[in-house]
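Asks: Please construct the entire structure, taking both the sequences and the accompanying hints into account.
Chains as they are written, first to last, in UniProt numbering: chain A, 1 to 122; chain B, 1 to 702.
You may find that some hints are simply not true.
[Said to hold, decoys possible] Derived DSS-like pairs: lysine-lysine, alpha-carbon spacing no greater than 27 Å straight-line:
(1) Lys468(B) - Lys446(B)
(2) Lys76(B) - Lys36(A)
(3) Lys117(A) - Lys223(B)
(4) Lys76(B) - Lys91(A)
(5) Lys223(B) - Lys114(A)
(6) Lys95(A) - Lys529(B)
(7) Lys529(B) - Lys655(B)
[To be verified] Incomplete in silico selection of chain B near chain A, CB under 7 Å:
(8) Gly50
(9) Thr176
(10) Asn177
[As the list claims (entries may be wrong)] Quick partial rundown of chain A residues pointing at chain B, CB under 8 Å, derived from the structure:
(11) Ser11
(12) Val14
(13) Asn55
(14) Leu75
(15) Gly98
(16) Gly101
(17) Lys105
(18) Val119
Hints listed in this document are in silico derivations from the structure and should not be mistaken for laboratory results.
We put the beta carbon where it would ideally sit given N, CA and C, even for glycine.
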Amino acid sequence: MSANILTVDDSSSVRMTTRMALTGAGYSVTEAVDGKDGLEKAKSGRFDMIVTDLNMPNMNGIQMIEELRRTPSQLGVPILFLTTESDSDMKSRAKAAGATGWLTKPFEPDQLVKLVKRVLGK
Amino acid sequence: MTMPDPVEVFRTEAAELLEQIEQGLLDLEHQLDDASLIDAVFRGLHTLKGSGAMFGFDALASFTHHCETAFDRVRKGMAPATPELVHAVLAARDHMRSLVEQPDQEDDETGQRLLTQLQQAVADGGGAPEETAESAPEANSGAPAEAETVSAAPAAEPVTWRIRMTLPENAMANGTNPLALLDELRDLGDCEISVDTGNVPPLYRIEPSELHLSWNVRLTTDKPRDDIEDVFIFVMDDMELSIEQEEPGGAPAQATPAEPQSADPEPIAAAEPAAVAEPAPQASAQSPAQAPAEASAPAVNAPVQETRQKRAAENVRVPAERLDELMDRVGELVIAKSRLSQIAGNSIDVQLRSVSEDVERLASELRDTMMVLRMVPVATLFGRFRRLIHDLGRETSKQIELVTEGEATEVDKTVIERLADPLVHLVRNSVDHGLELPGDRAAAGKGEAGRVTLSARQSGGEVIISIKDDGRGIDRDRVRAKAEASGLVSPGQQLTDQEVMQLIFAPGFSTANAITNLSGRGVGMDVVKKTVEALRGTIDIESTLGKGSEISLRIPLTLAIIDGLLVRVGSGRYVIPLSAVEECLELSSEDDVRSEGRSFISLRNSLVPFLRLRELLSTGTEPDPYQKIVVVSTGVERVGLVVDQIIGDHQTVIKSMSKLHNDVATFSGATILGDGSVALILDVGHLVAAGQQQEAQLRKAG
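Replies: Next up, the structure:
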């Protein structure tokens, strides 16, 4: 069975690229448009992984990760975040909030797929 | 259906982001200390940069990066938000837009100039902005490096490493799967892995989601040390990791791995499988009470997921041309429906009639739904005027306040698009010719800031968009003098007030003494009038000298399909837009003969001129014994149209006439009737004007 992945990003073009990359690799993808949407979807769905942007309206990625990790059912779900070179403090804050790993934008779709495979394990 | 091109998706998104940034900045200008606005603008820039880089808009990404860096100083409170800053970022935004639209035509000089301007605007703490500008390219070029270093090193002699790894207690809760890490190590070469349970607490103190194990790994690989470290890239900062190269003798270089193992000899067999052997730690991390709930979860879950996906699909982005295609189809369906009803109407087949009625109802509902789909709120149109006003204010040194009303009013998308340019022109005109300089305003006893009000409201089948200013108003004498000087009217010619004002829409007319930067760009008010008329709209002007002017555009809500009244004149059939029809009367042959030559009917104590379409269209036929008068109006003026027969209402799909018929003013278009024949659509505005002219001539004649 393919893994279910929730992608959270306010940018429709990034959402589209991630969706194309992940569905192309055989994953099922659900999309959320901001932190609040992501939190709701994550809590009511059952995802094997969450890939999220950090800088978003209506609850940013860091707040969303914190909220998720406070929810028992979301413990252990790998959360990858997308970030840019320029905000290194965001990276450490997201890590502290409970994120699993990150990918630096801009990224190639292959990089994302590789990372997702790696974090999901065998 | 084909997948849309991601680059196109990005362009659309970039346009929205730029719009958002602009609106945010314009709001910020009025509330300079609003942190949430600053955040919103910053976020817009950030997303634009990130997505731009993803889709190969490198010039955009790098330029936006610099802007973001500069703006970040404001966000962090290191520099204040000022009107200058807003202006600088607005200018930068415009540059970003051109970088989105024409990424190949990068204008480096403009970019540099704008950045310098922006950096000056945030340069509060001295020197700092320069530093940010320099660090930026570094950061950018650093991005791809991360991905490439991994396998860059050449293959070397196999080396044996002793690795000891202790992950933080919350590592598994945070999604790190230790087994995946160990698997990755295995992939690097030969591995001997042993687990160290020494730190596992007694059973009663165990938190199921915590990790207390350490691993010792003996790895023989020809891969470089970097590859080993890379396995731990996400946890490196929080974990204890030692990677030591084993001496050829076989003994570890240091004794460290052995120590903790014996530190706590208490064996807790139960803890080990709980924390490690489970491949899905999140599932085991719960209390037993939760287990049944989870077991039933998949069944419950499926529909939940489905409804969520449905909700996500509620908003669908559709390219405009697809809507247009659909509109065409609906138009054709409406025509086919008319044919069907005609056939059914002549048939005695009850079933056919009932199907035809159903189709008729469905087609008309479909048409209505389609109309709504094409409607967009005028807010999208008004939104862009905030920026225009901002720019105009700076250019003219006038203080301008923009008020918008009725932004929720919805109008056909095409109408909005076509109205944009005329409205820009009218607003420019209001600011340029209407509003006075602050000094003059004060002298005239007005507030220093001039006010331009854009409003929209729906009235019947029309939307009325008005541009109002509280400036100096239109000077009729000057308009008249100017018109006489340019030969538009002859001296002494009698003109009504409205006629004088309409002169400003005449080609080649301009009252401005000097051609300013704003107006006089070659696009005259006559173009505005033409555009509005092409939309089957009309323009009214009201103006009070010294108080201000209001120009109202009355535009039909939609362009493609109208409800029409089908009439017959002679043997030809014509359509009168139903929205213009006020009432229908009978014109008996007696009345007809009696009114011959005068062509007026008395309608509730007012005289309404009428036109005999039979004469106007030179049908050369005898009138029907009972002719009808259809009274049509343009809101202010009205006129009766004498027809032979009123056939009934008819949903009319408007087909525009060919360019050859450009000079034909009496008709605004054509439509295809149910039997396939063509009916011309009468241009009410033109006919009313003709009727009024006839009235004026008759009055003159006495």
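Asks: Would the hint on Val14(A) stand, with a C-beta cut-off of 8 Å toward chain B?
Replies: OK, holds: Val14(A) within 8 Å of chain B, min 5 Å.
Asks: Restraint: Ser11(A) near chain B, CB-CB cut 8 Å. Satisfied or not?
Replies: Check passed: Cβ of Ser11(A) comes within 5 Å of chain B, closer than 8 Å.
Asks: Take the shortest C-beta to C-beta distance between Asn55(A) and chain B; is it under 8 Å?
Replies: holds, 5 Å
Asks: Does Lys36(A) lie within 27 Å of Lys76(B) when you go C-alpha to C-alpha?
Replies: Roughly 24 Å between the alpha carbons, so the hint for Lys76(B) and Lys36(A) holds.
Asks: Quick check on Gly98(A) please, does its C-beta sit within 8 Å of some C-beta on chain B?
Replies: Nearest chain B Cβ about 5 Å off; hint holds.
Asks: Would you settle whether the hint for Thr176(B) is holds or violated, based on the nearest Cβ-Cβ distance to chain A being less than 7 Å?
Replies: holds, 6 Å
Asks: Is the straight-line distance between the alpha-carbon of Lys117(A) and that of Lys223(B) 27 Å or less?
Replies: holds, 21 Å
Asks: Taking the least C-beta to C-beta distance, is Gly101(A) closer than 8 Å to chain B?
Replies: With Cβ-Cβ at 4 Å, under 8 Å, it holds.
Asks: Interface hint check: Leu75(A), Cβ to nearest Cβ on chain B, cutoff 8 Å. Holds or violated?
Replies: holds, 4 Å
Asks: Going straight from one Cα to the other, do Lys223(B) and Lys114(A) come out at no more than 27 Å?
Replies: holds, 19 Å
Asks: Against the 27 Å threshold, does the CA-CA distance of Lys76(B) and Lys91(A) hold or violate the hint?
Replies: holds, 17 Å
Asks: Gly50(B) was flagged as interface toward chain A. Is the shortest Cβ-Cβ separation under 7 Å?
Replies: This interface hint holds because 5 Å falls under the 7 Å limit.
When each numbered hint is compared with the structure, a violation occurs for hint 6 only.
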